[in-house]
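Following the hints, put chains Y and S in place on chain B, whose structure we already have.
Protein chains in written order, with the numbering used here: chain B, 1 to 285; chain Y, 1001 to 1417; chain S, 2001 to 2298.
Rather than coming from a laboratory, the hints here were simulated on the basis of the structure. Some clues are possibly wrong.
What the hints assert, rightly or not - Taking lysine to aspartate or glutamate and the EDC-like style, the derived pairs with C-alpha atoms no more than 20 Å apart in a straight line are: (1) Y:1068 / Y:1056; (2) Y:1391 / S:2155; (3) Y:1409 / S:2047.
These figures come from a predicted structure and were not determined experimentally.
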Amino acid sequence: MAIAAPNAIRPRRRSADGWFYVGVAVLVVFCLAPFYWMVVSSLKAPNAIFNNDILPSSISFENFAAVFSGGNDFARALLNSAIIAGSTTIFAMVVGVFTAYALTRLTFRGRNLILAVILAASMFPGVAILTPLYELFARIGWINTYQAMIVPNISFALPLAIWTLTSFFREMPWELEQAAKVDGANRAQAFRMIILPLAAPGVFTTTILVFIAAWNEYLIASNVSIDGSTSPVTVAIAKFTGSSQFEQPFGTQMAAGVIATIPLVILVLLFQRRIVEGLTAGGLK
Amino acid sequence: MKITRILATGAVFTVAAGLMAGCSSSGGGEGSADGRGPITFAQGKDTTGKLQSLIDDWNADHPDEEVKFVELPESADEQRTALVQDFQAGAGTYDVAGLDVVWTAEFAARDWLVPLDDIDTDGLFPSTVASGTYDGTLFAAPYNTNAGFLYYRTDLVDQAPTTWAELAEDCEIAKANSINCYAGQLAQYEGLTVNFSEAVNSAGGSIVDSTGKVTLDTPEARAGLEFLVNGFADGDIPAEAVTYQEEEGRRAFQSGGLLFLRNWPYVYGLATQEGGDSVVQDKIGIAPIPGENGAGASTLGGYNLAIAKTSDHQQTAKDFITFLESEDAQRSILTDLGLPPVRSSLYDDSELQESIPYLATLKEALENAVARPQAVSYNEFSKTISEDVYKALQGDASVDETLSGLQSKLQDIAEGS
Amino acid sequence: MSPATPARRARGDGRFALWLVLPTLLVLAAVIGYPVLRAVVRSLYDDRLGRDPSFIGLDNYASILFGGGAEKFWAALGNTLFFSFTTVVFELLIGMTLALVMNRAFKGRGIVRAVVLVPWAIPTAVAAVLWKWTFDANGIVNHLLGSQILWTGSEWPAKWAIVFADTWKTAPFIALLVLAGLQTISQEVYEAARVDGAGPIRRFFSITLPLARPAIVVAVLFRLLDVLRIYDLPQIFTNGANNTRTLSMLVVEESIGNLHVGVGSALSTLTFLIVFIIAFIYIRLLGARVMSSANGAS
Chain B
1 MAIAAPNAIR PRRRSADGWF YVGVAVLVVF CLAPFYWMVV SSLKAPNAIF NNDILPSSIS
61 FENFAAVFSG GNDFARALLN SAIIAGSTTI FAMVVGVFTA YALTRLTFRG RNLILAVILA
121 ASMFPGVAIL TPLYELFARI GWINTYQAMI VPNISFALPL AIWTLTSFFR EMPWELEQAA
181 KVDGANRAQA FRMIILPLAA PGVFTTTILV FIAAWNEYLI ASNVSIDGST SPVTVAIAKF
241 TGSSQFEQPF GTQMAAGVIA TIPLVILVLL FQRRIVEGLT AGGLK
Chain Y
1001 MKITRILATG AVFTVAAGLM AGCSSSGGGE GSADGRGPIT FAQGKDTTGK LQSLIDDWNA
1061 DHPDEEVKFV ELPESADEQR TALVQDFQAG AGTYDVAGLD VVWTAEFAAR DWLVPLDDID
1121 TDGLFPSTVA SGTYDGTLFA APYNTNAGFL YYRTDLVDQA PTTWAELAED CEIAKANSIN
1181 CYAGQLAQYE GLTVNFSEAV NSAGGSIVDS TGKVTLDTPE ARAGLEFLVN GFADGDIPAE
1241 AVTYQEEEGR RAFQSGGLLF LRNWPYVYGL ATQEGGDSVV QDKIGIAPIP GENGAGASTL
1301 GGYNLAIAKT SDHQQTAKDF ITFLESEDAQ RSILTDLGLP PVRSSLYDDS ELQESIPYLA
1361 TLKEALENAV ARPQAVSYNE FSKTISEDVY KALQGDASVD ETLSGLQSKL QDIAEGS
Chain S
2001 MSPATPARRA RGDGRFALWL VLPTLLVLAA VIGYPVLRAV VRSLYDDRLG RDPSFIGLDN
2061 YASILFGGGA EKFWAALGNT LFFSFTTVVF ELLIGMTLAL VMNRAFKGRG IVRAVVLVPW
2121 AIPTAVAAVL WKWTFDANGI VNHLLGSQIL WTGSEWPAKW AIVFADTWKT APFIALLVLA
2181 GLQTISQEVY EAARVDGAGP IRRFFSITLP LARPAIVVAV LFRLLDVLRI YDLPQIFTNG
2241 ANNTRTLSML VVEESIGNLH VGVGSALSTL TFLIVFIIAF IYIRLLGARV MSSANGAS
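Isolated chain B (complex conformation) (with noise of 0.2 Å):
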C-alpha cells in the first residue's frame, strides 16, 4: 500500500537534465502558444486585428479599457464570478467531501447504487436541463440571483469532487484512523487531523478544477442571469459587441479572456504547493 510522505528531493543523474529542460519547454510552449496569441490579439488595435504579426508592432490598451468600459460593467462581472464560483466551490467540496467519506468508509447497502446515480447526473447535455430549469427558477422567483447559478454549478460539480474524493480516499492508510481511534480520537477528529492531511493532494486539486468549472460555466449563467446585475464573466463576454452586430469584438473578447484568466492562474500559483505537497509531518505519527 502506498503511503504518502513528505516529499524529499532525491538526486538526479546530471545527463537526463539537458532532456529535461527542453521537454519542458516543448510543454510550456505547447500550453501557452495559443494564450500568446491570445495576449498579442489583445494588445493590437481594434481596428489592426486582422493582421498576423507574432509580435505586436504597435501596443494599444484600447481593448482593455473598452471591456472595462461603463456599458460592460466588467469589474462586476468578475465579482459575480467570483461570488458564484467561490459559493459552488464551498460548498460542493464540504458535501463532497463528505458524501466521499461516507462511500469509502462506511458500509451500507446501495453504495455502487448511489455511485453509478451520481455519475449518471454527469451525463446529460446541459440543454436538456436548460428548460425546466428555467421554468422552475422564473415560478420561484429566482431568476437574475446568484443561487440561480450557484445550485446548478454545485450539481454539476459533485459528481467530479464525489469520485475524484473517492478514489483518493480509497487509497487512504485507514489503520491510521483505527490508530487515532484507539488513542482516543474520535471519529471525526480522526478523520480531520489524520486522513484530511494525507488527501490534501486530491482535495486540492478537485478544488481548483471545480472552481475553474464554475467560473467558465455559461449555459445556466447566459439564461438566468438576464438584467446583467449577477451575471458572471462568461455571460458578460458574450454580450461584447462591436460597432454592430456583425463586427465580431475580437480584441475586446481576447482581452476579456486575459483578465478572466488571471485570476484563475493567480488561484493555482498559490495553491500549487498544496497539490503536490501533503502537509509534512505533523498528523502522520
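Coordinates of chains Y and S only, in the frame set by chain B:
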C-alpha cells in the same frame, strides 16, 4: 433497508412531479391590454451606449412608465434562445423585445406576441412592415432595418456592375491584378440563407410565393443558385469564401484581396477608417447589388419590436414602440446608434446624406429589398437551405439536385409545422 | 468503545451514511433529476403547433433512430464518437506527460504548474473564438504553415482542428488529476525499485502507472463524459458544417432551434443512454476495482 426505502420514495415523488409537470402546459398569464406602468425592454447589446440616452429621454417624460433596458447577448441566436426560454415558460420577464425580422412568424404563431394593429406604420418602408406581419396582422413593429451593398474598388473599376454578366466581365480585372473577384457570406449559417435568397430574388425568382408555397423548382431559382455555384467553379469566387461570415469577407476586402464584396453597410465605416489596417481605405465604392438582368434585390435585415403577451403594461409598451418609431428617435438611431432607420423620409434629408455617404444607396437598396420567407419554422427552414446550398457550393451536389431537394424538404417543413 | 453487534453497527453506519449522502442526492435530484424526468416524459409526446402535445409513445425515438431524423442522428453519433476517442487518447498521453514533468522537482516548477493550467482556465467560448480566428483561412496557422487549408471549410481539417483545440484545452485537467494521484506514491517505493536495478521505463510501468491508476481512471472517465457532450467548440468553429455536428448540437438544434421539444428531449435521452453505455463499458473494461469497497482492505 432504510436508505433504499427513502431513495425509492424520493424517486417516486420525482417521477410523479415529472409526470405532472410534463403533462401540463406551461403557465403564463394573459397580461393586460390596457395596463400602464414600468416596462422592460430587451434587445442585443448596444455598444454605443446611446440607446440608454434615448430611453432616458422617454423616462424623463414618463416617470410612472419607466423603461428598463435589459441587454441580451450579442449573437442573434442567443438573443432568440433567451426570448424563447422566457416566452415558453410564460415567465413574463420582458415586455418589449427586439426581434430579428425573421422571427415574426415563429413567435406570432406560438401566440407569444400581442397584435399591434393600432400602431401607426405610416412613413415606414413597406417591406419592413411586411416583415413584422403574420397572417395579415402586425405583430412586430419595424425598429431598424438593413440591406446589402456591393462594395467595390474604385481604383480598379469605374462603375459598379449592374448585372451578373457585367460582374463576370469585371472579374478579368481582378485576375489581371491577382486578387479574388467576388465574395459574400457563404459559410454554413444564416448569412448563406441571406445570400442565397438574394441570388434567387435578384434573378427574378423567390423562395416562397405570396401564398407560402415553395417555388424553388423554377428557372429563376436555378439562375440564382448557378450564379453562386458557377462563381466557385469558375474561380470568380475564391474557394475560401465558404468560410466567410461577415467579418472574414470584410477582412479579405479591407486587405485588398477582393474586388467586389457583398456585405452590410457596417463595413463602410470600418473599411474607410483612417489609421486602421484597411489598405483600401480611400478606394471604396458602394452600389446596390447586381441582379441577373438588372439591379438585384437585397435581402432585408434588421430588427422589429414586439410586445409579449404576458405583459401587464401593454399600453405603455405600445406607446414606447411608437416613440422609437418617431422621426426624432429614428434620426437618433441613425446618427447615434449607426443603424439604418425604418422611416423613409430620413433618407431624403440632405444633412444626413452629407454626413452619411451611403444613405442614398441604402435607400435604393431598401426600396428593392425582399424579406426572407415568413415561415413559422423559420429556423428549420433556414438551416435546411444553408446546409443544402453549402453542399452545392462545395461541389458535393448539383444545382438541380439541390433545388429539387430543397423544394420538397421546404414544402414539407412549411406544411408540417 | 463498547463492542456493538455487527448488525447494529451496520445499521448505525447506514443511518450516519444517509445523513452524509443525502445533501448530494437532494441537490442532484432537484437540479438534474427533475429536469431529466420531465424531459423523458416530454419525449413521449409530439410537437404540433397550436395545440397541446399528444402522447405518441416511442415515435420520436423511432424517427430519430430509423426514420426522418436518422441520417443526422447517426452522423452526429459517429462524429461524437470520433471526437471523444481521439481527444481522450491524445489528452491522456499529453496529460500524463505533463503530470510526470510537474511531479519532478526542478527550478520553476511552481510556475510551470500554473502555466500548464492556463488552457483549462481560459473561458471556453473565448477559447473557441480564438481557435476560430487562429484557423481562419487567412489566420495565423495558415500564415505559419504557408498553406491555404480551409480549416473551417472542409471536413477532416475541421475535425482535426477541433480535436487539437479540445485536446489543448483539456489536457491540463487530466494532468492535474494524475499529478495529484502521483503524490500518493512514496519516494521509498521508487528508491527500492531503483536499488533493485529497475530502469526508468520499468519503474514507470510497474510502479507509477499501477499506483496512479485510480486518478487516471477518474480523470479519463470524466473527460469522456464531458467530450461525449461536446458543444461549444464545434458550434463556434464550424456551426456543424462539413459533418462536424455532434449529439449535443443536434439536441440544441431540435429543442431550441426548431422548438421541437419532444424530439429534442428524445435526443437528449438517447445521448444520455449512449454516454451511459460507454461509461459502463469503460468501467467494466477496467475491472470492478473502481466501484469496490475499500474498508480497510486494499
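Each hint tested on the structure:
1. Proposed proximity of residue 1068 of chain Y and residue 1056 of chain Y is supported: the alpha carbons are some 9 Å apart, at most 20 Å.
2. Of the pairs offered as hints, the one joining residue 1391 of chain Y and residue 2155 of chain S holds, with about 12 Å between alpha carbons and a cut-off of 20 Å not exceeded.
3. As the CA atoms of residue 1409 of chain Y and residue 2047 of chain S are separated by approximately 18 Å, the hinted pair is consistent with the 20 Å bound.
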